[in-house]
Structures are given as structure tokens and as C-alpha cells.
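Asker: Here is how the chains run, residue by residue.
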Amino acid sequence: MNAILEMRGITKTFPGVKALDNVNITVKAGEIHALVGENGAGKSTLMKVLSGVYPHGSYSGEIVYEGQERRFKDIADSEELGIIIIHQELALVPLLSIAENIFLGNEQATYGVIDWSVAFARTKQLLKMVGLNESPETLVTNIGVGKQQLVEIAKALSKKVKLLILDEPTASLNEKDSDALLNLLLQFKAQGISSILISHKLNEITKVADSITVLRDGTTVETLDCHAGEISEDRIIRGMVGRTMADRYPKRQSRIGKTIFQVENWSTYHPLHSNVQVVKNVNLNIRRGEIVGIAGLMGAGRTEFAMSLFGRSYGQHTSGRVLLHGKEIDVSSVEKAVGNGIAYATEDRKTYGLVLEEDIRKNISLANLKGVAKNFVIDDIRELAVANDYRGKMRIRSPNVFQETVNLSGGNQQKVVLSKWLFSNPEILILDEPTRGIDVGAKYEIYTIINGLADAGKGVLMISSEMPELLGMCDRIYVMNEGSLIAELDVAEASQEKIMHAIVKSGRR
Amino acid sequence: MDTRTADEVHVPQQKTSWLEFMKTHFRDYGMLLALLAIMAFFQVATDGTLLRPLNMTNLVLQNSYIVIMALGMLLVIVAGHIDLSVGSIVGFVGGLAAIMMVRWGFDPVTTTIACLIVGGLIGAAQGYWVAYFKVPSFIVTLAGMLVFKGLTLALLGGMSVGPFPVVFQRLSSGFIPDFFGGEGFNYTSLFIGVASVIAIVYFSVRSRANQLKHDVETAPFGLFVAKNALLALFIVAFCYLMATYRGLPNVLVIMAALIVLYAFVTNRTTIGRRIYALGGNEKAARLSGIKTERLTFLTFVNMGVLAGLAGLIFAARLNTATPKAGLGFELDVIAAVFIGGASATGGVGKVTGAVIGAFVMGVMNNGMSILGIGIDYQQVIKGLVLLAAVSLDVYNRKK
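Residue numbers (our numbering), protein chains in the order written: chain Y, 1 to 509; chain V, 1001 to 1399.
Please note: incorrect hints may appear among the correct ones.
Stated by the list, open to error - Result set (DSBU-like, lysine-lysine): computed pairs, CA atoms no more than 35 Å apart in a straight line:
#	chain 1	residue 1	chain 2	residue 2
1	Y	Lys124	Y	Lys159
2	Y	Lys350	V	Lys1134
3	Y	Lys336	V	Lys1291
Claimed, not checked - Using C-beta positions, here's what the derived DEER-type ranges look like:
#	chain 1	residue 1	chain 2	residue 2	range
4	Y	Glu6	V	Tyr1029	56 to 64 Å
5	Y	Glu89	V	Gln1378	45 to 53 Å
6	Y	Phe402	V	Arg1103	52 to 60 Å
7	Y	Ala456	V	Arg1268	27 to 35 Å
8	Y	Phe402	V	Phe1203	16 to 24 Å
9	V	Arg1294	Y	Thr110	52 to 60 Å
10	Y	Ala456	V	Val1205	37 to 45 Å
11	V	Arg1268	Y	Gly9	54 to 62 Å
12	V	Trp1104	Y	Leu96	56 to 64 Å
Unchecked claim - Some chain V residues near chain Y, calculated using beta-carbon distances under 7 Å:
#	residue
13	Asn1210
14	Ala1277
15	Leu1287
16	Ser1288
17	Gly1347
Don't read these hints as lab results, they were simulated from the structure.
Cβ coordinates follow ideal geometry from the N, Cα and C atoms, glycine included.
All chains, full assembly: derive it from the sequences and hints.
Answerer: This is the structure in C-alpha cells:
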């Protein structure tokens, strides 16, 4: 079998971060090629390079597709040659029909007038191919996620797909829908369509994949041939996580006191779909001076848990008890949660953390304006002193505190967010992906700050998708999957393999 | 481990030159310069009519209600919303005041208080839908605009109602009394001017001293002196001019007090700061413990009260309430706020900017009328000025 796609020596850098470093991958014609790696290993970046989201010239290395070197300028360029990518977040317009969605941007039209009878007839054909029994006129919003996924695939088929890329297609599907989807991939394979499958569900991969490429930290670790012999999940996991962690995390001598924070039977439901339980009966505790981690895959419900805890900022019908120093506290609004000593630094700084058009000073005081005001009047000198103090302590790099936060680097923005929450003087800090999108040097500084908080006797709850980070920083790690805590590991006994096993095991149940 | 990266190396603070400072703070001064240029132009074009005491008095009287509403509109726009109903509220509240005083015989004080409360209730009724039901403010206030225009007609039965008691008329047409008994010269007015100049200079010197003490970037000393001197000169000259006519109009005093109050609220108070945060990033504001819904609601209540006040002033000025009062005011008010540098997406805007914006519109109205330019081309020119001002601001921000 000859190769349909070869990507050679792909290197892609973002300011301060090398996302891909000399990555090589070869996909044979008519095979299902699995791409695995931890969150942040570079899978999605690689696929964006392939599909032209990052155009030729923004990366180095070459892409050979169907025997020729290709230089894609944009997605339309790669789609024309039959490379179709289906993203994890589906790109369907909810209030348009299935037929309208399938032919969106590719309408069955002459001189701009759509021929609906052709469109509907072709849609029926395509839906039959993917085994979806729905009317072409049904609105996408009225069908489930599993069926929406099939509509996406039908849309890909309508464009004469030769290489289908699926990014976590089964992440939000139940087992039955997942199986149907995997069978569909096998059918396509029989028809000669190649696919690249990105997935965390290793059992699915071992079931359908012909070969597996493992990425780690932006480099290709290995490519495994599934026909040369049985590949176990353990074998794949070893490839995904095997790395040294020396000196990436500042040393800390934990001085752990008694339990100061407890969450009991915490549950919440999806804000729009009241029958979907996103967080299921979570019980956890934090001790004084302890850094507790929550590990899990994207979509495991960790952020939803944290935000529902922080003033019911997520979900509905939220229930459960929160205790600080053994006494139940009211966290029903953000104001009350903050007042009772809880702070939550968001995973998405730009959307939820900062007022970007305002300066460092105003962002730092925002969650605790009372701390710089007398009778509702802001004492701007005091505010300035506070901001300067944090700018020094946190080593925020800017000419002064009057710099608009939009102009700061990711690491410095994160320091502003942390400063804001430290100034609100919390007992418990929930840090959601505190080092996302931050370069290595700044990460070290953020880690040092977090260690300092624990040393000062605060309780820290750290959510991270980077397992090495959790292992390097935490005293204790909870593992979350599908809204439940499925394991609790002391850091001494925890390892990436154990965490992965816990997730894979619970996902299979 | 040296964790610094190249772009983060500390840049030592340099002494900024005048030109550089003006460049970086163009947004703060640009519109003021534009206003002065426009005034200079009309002063020449009208052979000095523009700055005559009588005309200045007219200018203030004609624009006071626009300025007052621009203060409320600024908060609404900074919070990320819009209020199209203010013109109709002006008409409705003016009509209500007329009915209360002329038909029902209430005294002016009771009427004024009642009308301000009604304005606030109207704002609350609209703010409720915007804040708690998340209906877009454009829709809610468009509905309000129609509703209150209709209610004004119904209230007045399609007729003009007047005249008002003399005390009420003084709200608009009165001047502050002269306690010094000057013949043809109102010393009180000049005194107020000088007093406010002293206060302004005192506060800005104190704040500059504080800034210097804490090593804050400040305007170059020369510019600081020039700015204060110009402002002082402007205020004293203005008060002197007014004093040679009949003194400062009552409505000017009300307006000035409100401007100072709102400038203070937006710059220095927690509620002001929260409104900017709300408009800048509602999600971040909510996650910082700000009650975003209540705050949105309150900005609309505030707008309602100020629109009510504007309605009273406008009615008092005409000495009659007509069904057509307030027609199209919302456009002037909104234009003033945007000319003053507010951002249509919220989070950005200043009280001084909105006031300057209102006077840009006012001076142009006034100047073009003196020059005898027809209402047709006046609108064309005003429209183009609005577009030019906002484009310039957008262009500046991109750089």
C-alpha cells in the first residue's frame, strides 16, 4: 500500500512556545490511522497545519498528499483535494435543517438559486450512507449529538472526501453511538477512504486502527503498526506519557494541616438541558497548606464543577454542601463565595478573567473594590499602591500598572488574574488550568506563586489537563471523568499511567 | 533559572515630551481641540456673534437637556446598552408636569419630585426587561419610544398645555440672583467662576502632587500648567461674559453640578468602576462578584430620572408642554456620547467626552442657524461630523 499523506519535519512555533517540533506522520491509502497523545501534545495543531488553518509559510516542513507536495493557503484549498476535518466542537448551524447544513457553503445552486429538490435528494442519499434515518428538513437542533456527528460526516461525504480527519468524534457520544460511528469508519475504509482518528479512548483505537502515531510534547514519539502484532493499551499509554520531569517544578516542603475545606454531594445539571447531569455527587476535601489536583480529560466536568461551586456560575439545579473550617458556607452567588473566602481563577483568562481594555491596576482591584475604597469612593492612591505591590510580588512585566492588560503576554495576564484573586484574600483558591498557553519560563514562576500560597496556609485546588504538572505540583490528586470523581491518589503513589488507567477503565463501564 | 523572555525586559520610565504625551493621549484631548476649532470657526464666520453673552446664554439653554441626558446615556452605553426612548420620556414627563400643574393644580415642587420619580419608574420598567430578561436594549427601548410617544399624545389629548407657574419657568429661564447688587453686572456669577477655578486648580495640584509622590506617569509640567491655565481662563472669561448679560442661568448651575457629580461617580466610585467593568467584559465582571443584572437595571433607572429632569427643563423653557416635545432628542444624545469617544461595544467612554460631544453638536446647531444654513443641510453636516468623529476614534484605537 502506498501513502496518501506524508507530513515531513513539521515544525510550528507560536510566540514563546514550540507547538510542533519536527513531526513526521505517514498515512497509508485506505487505512485508519490513529493519532494519540496527551492534551497539549500537538495533535490539533498538527491537524490544523494539515487542513490549512495554519497556511503554508506559517510552519516549516512539507506536506506530500497523493504524491505531490502541497501548500495549502486555507481550508477551502485542502477541502478541494478531499481532506476534510471534523472538529470536536461541531460546526453546524443549529437552526438550519440537515440539508441546509450539509450543503452550507457548497449549495446545490445555479446562479445563486438553490435547487431544493436536488439538495434534498442528495441529502437523503448521504444520510443513507451514514445510516441516519432522519428527514433532510429536520432542524439540527432537534437531533442528538450522536446524530449531529453523523450529519457532519455526511457533510464531509458530500465533498468527495478522500482523507477524513475526526478530532475526538466519540467524546460526547454514548457507547451505542460510538460503536455505530466506528463501524462507519470501517465501512469507509472498505470503500477506500482513509481516516485520521484522534481519540483518548484507547479501547476504540485498538479496535479499529491500522496504525497509531504517538505525539508527545510536540514531537513524534513512535508509529505503531497494529498488524504486526497485538498492541495493548498499556503499550500506547507508555508512549504517550514517558518523559522526564526533572526541574520543571519548584521544590516545596509540604506542611499540611487539618482539613479546612469540604464539598459534599455536589451535583449540577447542564444549563440548557436540565436532564443532563454534568457533575455527579462530588465529594472532596482540602487541608491547610495542601495543593489538591483534579485530573481528567477535556469535557470531564472539572471546570463545570468549579464554576458551579463558585457562586453557581454554571449549571442549574445545583445541590450539595460546602464547608469551610467545618462550618457550612453560602456560595450561592459569586459575591457570597468571594466574601466567604473562595476564589476561582478561570481557565479562559480573556473571556472570563480580565477586562482587557482596562489597565493592570483596575483589573487587580476589581474583585475587591471595597479593599481600596472608603464609603464607595475609590482611594486611587491606595489602589495604585496595591497594584504596584502585586506587580512587584508577582513580577508582572510591564512598564507600569497603567498598561492595558490586552497588551500583556499570557504569563503576565495570568499573574494579573492571580493578583486579583489574592487581593480578595481567599482561604481557598481554585485554579483552573493556571498555566494554559503560557511558556515554560513563566510557568515556573506561576508554580512558584502557587507554592507560596500553599506555604501561606491557603488551600489550593488545581485543575489541569497536563498530568505532569499535577504530579509535579500537587500533594493529592482526584481523577474526574464524566462528572464523577473516580479516583483519589496520593502523589507518592500517583503516576500518569495510573491516572490514564483510571480514566480508561471508568470510560469503558 | 533566568525566566525572563526578551519582550518582558523592564523598560525604564522615560521623561515624556509634550509631543509624545499629546500623541499617546490624543483621545483625551482630540475632541476638546476639535470643539475649540469649531468654536473658533463659527466665531469668525458669524462675525463674533457666537460668543456674545446673549448667544452663549442661548447656547447653554438650548443644550442643557441634551447634556444632562448625555450623562445618563454615557453610563448606559458604557454598560454596553443603548436607550432610544429618552426623547419620548422627555415628552411624556413634560406633558405630565403640565397636566399636574395646570389642570390639577399641584405646586411646582411636588410636581418636580413626582415627575423625577415617574422618570425613574419608566427607566426601571425598561431596565427590568433588559437586565433580568435579557431582551436586547435596542428592542426594549424602541418599544418604550413608541409607547411613551403614544402616551404623551393621549395624556395631552393632542393639544399643547401651558403656561406654567413662574417659579417653574425659572428652572429654565431664570438666572442666579446677584447678592452683590452690581448694576448690569452679576458679581455672583463671576464669584462662582473664580471659586470654581480655585477649586479646580486646588484639586488638580493636589492630585498631581500625589501622583508624583507615587511615581505615576504624569503630563509634562508645562502641559499641566498650560491645561489648567487655559481651563481657568476659559471659565473666568465665560463667567465674565455671562455676568455682563444677566448672569449664570439656573439651568447651567444644575447642569454643571450634575457634570461634576457624574464625572466623580464614573472616575472615583466603586459603582462607576463596576459599570466600566460590566461593559468591558460582562462575564469577567460577573465572575469578580459584580451583580451585573442589578447594575444594568440601575443604569436604566438613572437614565430615566435624567430624562425626566430633561423633560421638566425642556417644558419649562417652552413654557408649554406639546405632544411633539422631545422628538428626535435621543439621536442628539446618542450622537453626543459617541462623538465624545464612547465605544459602541461598551466599557469605554468619559463624562467629559460626552459633554464635549454634546457641545460640539450644540455649537454646530447654533452656529449654522446664525449663518442661515437650512435645517436640511444642517442635518447632513451633523451626520457627517458624527461619522468623521467616530471613524477617527476607531482609526486611532487601531493604531
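Asker: Each of the hints needs a verdict: does it hold here or not?
Answerer: Quick rundown of the hints versus the structure:
| no. | hint | result |
| --- | --- | --- |
| 1 | Y:Lys124 - Y:Lys159 | holds (15 Å) |
| 2 | Y:Lys350 - V:Lys1134 | holds (23 Å) |
| 3 | Y:Lys336 - V:Lys1291 | holds (11 Å) |
| 4 | Y:Glu6 - V:Tyr1029: 56 to 64 Å | holds (60 Å) |
| 5 | Y:Glu89 - V:Gln1378: 45 to 53 Å | holds (52 Å) |
| 6 | Y:Phe402 - V:Arg1103: 52 to 60 Å | holds (57 Å) |
| 7 | Y:Ala456 - V:Arg1268: 27 to 35 Å | holds (32 Å) |
| 8 | Y:Phe402 - V:Phe1203: 16 to 24 Å | holds (20 Å) |
| 9 | V:Arg1294 - Y:Thr110: 52 to 60 Å | holds (55 Å) |
| 10 | Y:Ala456 - V:Val1205: 37 to 45 Å | holds (41 Å) |
| 11 | V:Arg1268 - Y:Gly9: 54 to 62 Å | holds (58 Å) |
| 12 | V:Trp1104 - Y:Leu96: 56 to 64 Å | holds (57 Å) |
| 13 | Asn1210 | holds (6 Å) |
| 14 | Ala1277 | holds (5 Å) |
| 15 | Leu1287 | holds (5 Å) |
| 16 | Ser1288 | holds (4 Å) |
| 17 | Gly1347 | holds (5 Å) |
Comparing the model with each numbered hint stated earlier shows that all of them hold.
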